[in-house]
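Asks: Sequence:
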Amino acid sequence: GLFVTDYFTRTPRKLSPFRSFASIELFHFHIPEDTVIAVWNLITFKEQGGTFGDQCPDRSITVYFRSGAPSVINPLHTHFPKDTAVPGSFALTLTWTLPNRTTGVFNVTSPLPGDWFLAAHLPKDEGKISVKGLYEECQYLFQPQLIVQRLVNIAVLYPGYVTEQSMAPHNRSCLYKVFVPSYTSRVLVEVLRCRGVEGCPLWLRVRAKAPPLHNSTALDCREHAPCQLALDLPFWQHWYYVLVEKHPGVPGTISFQVTVQLTDCSRPSLARPPFLPSSASMNMPHSFGSVGGLALGDSPPPASPNGTKHPVPISIASPAGERCWPVRPTLRNELDTFSVHFYIFFGPNVSVPPDRPAVFVINLLPVLDSGGVLNLELRLNVSSLCGENVTVFGCLNHEVPLTSSDNASVTCETESLAGFLLSVNATASLSRLRIPYPQTGSWYLSLRSLCATEHGFEPCTNVTAEVYLRAYLSPCINDCGIYGQCKLLRTNNYLYAACECKAGWNGWGCTDNAEAFSYGFQLLSTLLLCLSNVMFVPPVAIAVRSHYLLEAAVYIFTMFFSTFYHACDQPGIVVFCIMEYDVLQFCDFLGSLMSVWVTVIAMARLQPVVKQASVLYLLGAMLLSMALQMDRHGLWNLLGPSLFALGIMAIAWTARTIRRRHCYPPTWKRWAFYLCPGALIAAAAVLLYAFVETEENYFYIHSIWHLLIAGSVGFLLPPRAKPSRRLGPLPRRKGCGYQLCVNEQEELGLVDPAVASINSICTS
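Here the sequence shown stands for residues 1 to 764, where the numbers follow UniProt numbering.
It is worth saying that the hints were derived from the structure and are not from the lab. All the given hints hold, so there is nothing to weed out.
Straight-line distance between alpha carbons at most 35 Å, and here's what the computed DSBU-like set of lysine-lysine pairs gives:
#	residue 1	residue 2
1	Lys-14	Lys-124
2	Lys-502	Lys-82
3	Lys-209	Lys-246
4	Lys-14	Lys-82
Ranges of calculated distance between the beta carbons of each label pair, as one might list FRET restraints:
#	residue 1	residue 2	range
5	His-79	Asp-125	15 to 25 Å
6	Asp-125	Asn-492	24 to 34 Å
7	Ser-16	Leu-643	29 to 39 Å
8	Leu-335	Gly-634	33 to 43 Å
9	Ser-16	Gln-237	37 to 47 Å
10	Leu-707	Asp-125	23 to 33 Å
11	Met-622	Phe-691	27 to 37 Å
12	Ser-429	Gly-634	53 to 63 Å
13	Glu-580	Arg-101	41 to 51 Å
14	Gln-149	Arg-101	25 to 35 Å
15	Asp-125	Thr-11	21 to 31 Å
16	Glu-580	Pro-32	46 to 56 Å
Computed from a predicted model, the values in this text were never measured in an experiment. Don't be surprised by glycine CBs; every beta carbon is placed ideally from N, CA and C.
Sequences are here, hints too, so could you generate the full structure?
Replies: Here you go:
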């Protein structure tokens with residue numbers, strides 16, 4: 001055949017340590033039909049500060065693959081919510097081969113067509129809280145690339161027609177495909193008139209949706225005569241691929257015929273008519289044209305040496321129980337993103353007769369519906385059983401309903417199908433099923449009522465059970481409960497939802513309480529974070545006593561909003577919010593930075609003209625508000641204003657030192673008992689905040705931060721001098737001159753101005 005190669009790539013993304021599915025990076029690919037091989041090239045590299053991160057530690061990267069929907073992963077081995085079905089996926093761990101780069105390759109032979117999803121993450125870390133911008137963070141970037149090789153012009157088999165083929169010595173196999181429409185209960189593929197050197201040295205392989213593999217359903221034509229391969233309960237509305245493969249080492253040309261017969265389960269005694277006027281009769285995609293290229297009223301296509309001939313009648317023995325029943329549709333009602341209800345006509349109460357199953361179909365739209373949770377609920381009306389021991393079994397299958405034997409109804413499994421089982425009876429009248437990230441397409445629910453006897457379950461005689469059926473699509477399982485938040489996430493044009501848990505709760509629906517915080521612990525952490533702000537009361541009293549009224553107002557503002565911000569910021573149920581969270585956070589950050597600003601400006605002891613104008617206070621408030629609006633967690637939001645204020649203080653102190661010709665403040669007591677202890681306490685608080693704080697110790701380390709910062713303000717806030725008594729004006733000399741008044745008490749920077757004598761020395 002002719003091969004075509006397609007190439008797809010995605011933009012590199014930064015990986016994060018795994019905490020929940022909301023922290024993974026999801027990549028969406030689409031594999032075309034008739035693909036024989038797909039190769040993913042997984043590129044990972046490190047960066048630090050805009051350059052290659054050769055010094056970054058090696059951290060393993062886990063990549064998950066799944067067809068049809070995102071992978072439901074559980075790397076932390078937490079418990080899933082009750083009644084949750086976990087679909088499988090394939091995982092791959094990448095190790096580093098170079099200091100800053102590694103590449104992995106993942107091959108899939110004959111992959112299923114449609115949507116494929118890759119999920120990648122780093123291992124869980126210790127949860128350290130780092131200050132943004134403090135140091136260059138190691139970044140691990142992941143970029144997947146996809147290369148697919150697909151066949152074009154694959155021969156199409158039409159049901160009821162015979163296709164002749166000659167396999168040359170240099171050819172090893174022939175590939176065909178046939179479209180299976182709805183209401184097909186059986187596919188029979190047969191090889192006829194096989195002629196070769198050694199009988200019929202052929203293998204017959206059949207697979208749905210993609211070309212067959214070595215482990216697909218196969219039949220050795222040398223050992224079976226006639227060479228017939230039957231598939232019961234095939235997938236509806238899908239292509240089936242037929243591979244006729246020659247045994248290794250067989251010489252010469254082999255000629256054979258291939259035919260396919262489809263059994264219509266609505267008429268189990270008949271095969272589908274071979275002459276179909278158009279592709280609409282077979283529900284075939286319109287892109288493939290009509291059957292045999294015919295229009296309405298045309299005659300069958302003429303025979304060709306390796307083409308399609310007139311149909312050959314083949315008798316098909318239909319097994320018992322292959323009859324299918326009408327499928328009742330559901331009405332789709334979209335309320336919001338991933339909030340869809342499926343209503344049953346003349347429902348939601350459903351009558352399940354004793355002699356046949358009740359079948360319903362739920363259609364999930366491609367891409368749009370695979371990022372949520374499919375919920376199914378069955379509730380039995382016990383009063384409808386009339387005292388009989390009736391059990392209603394429900395089988396939920398993808399792309400084909402399971403309506404065969406009674407044993408299959410009990411186990412919801414056959415040799416080729418496996419579905420999800422629900423059951424309700426008089427004892428357990430309620431049953432639920434949740435499927436996170438369901439595959440899109442048609443889901444069929446088959447309800448069957450059976451009576452329990454000594455020999456197992458048997459069909460009931462004259463009891464019609466009534467069942468309340470509810471099916472809906474939701475973003476998350478139970479909206480993640482009270483200890484989680486359901487987040488709507490997006491990767492390119494694909495939307496999906498995931499839970500982000502808090503207060504130590506884990507799991508897909510935040511229901512795993514193995515590491516959950518108790519109520520007492522939550523209350524203790526909230527009280528510590530809130531009551532530690534009471535330490536601002538002494539700085540407020542000192543500021544009021546020293547007539548620093550503006551500074552006292554800022555400290556009160558900080559104490560108030562820090563208390564209620566932490567009361568609202570708690571992860572558990574001990575939460576109290578007086579305003580919106582964003583308002584409380586902004587006011588808390590602004591108050592903290594303004595406290596640093598006004599304290600340092602007060603320590604600078606600027607001239608009264610500048611202080612009365614309050615230019616620097618107003619300028620600081622405006623600049624800090626702007627910086628917090630841009631980035632509230634940036635390092636320079638704290639360092640920038642602090643360094644600027646310290647620069648102003650240093651200039652003021654240096655000017656006084658030069659003018660007075662000795663160090664300012666001049667007293668060693670001020671340095672030993674106030675400035676040095678205050679500076680050490682503030683430095684210790686900054687070190688704890690920047691390097692020690694983690695998610696586990698946050699509640700007490702941050703409480704200590706509150707205590708230290710408030711304590712340092714009490715030490716660093718300077719005393720204010722009382723107004724000095726002015727002496728009478730001295731007689732001035734005639735002529736040019738100036739008068740310089742020096743307040744010695746203010747220059748000395750004493751703690752209590754009342755202790756020192758007030759002397760005003762005026763010189764001309």
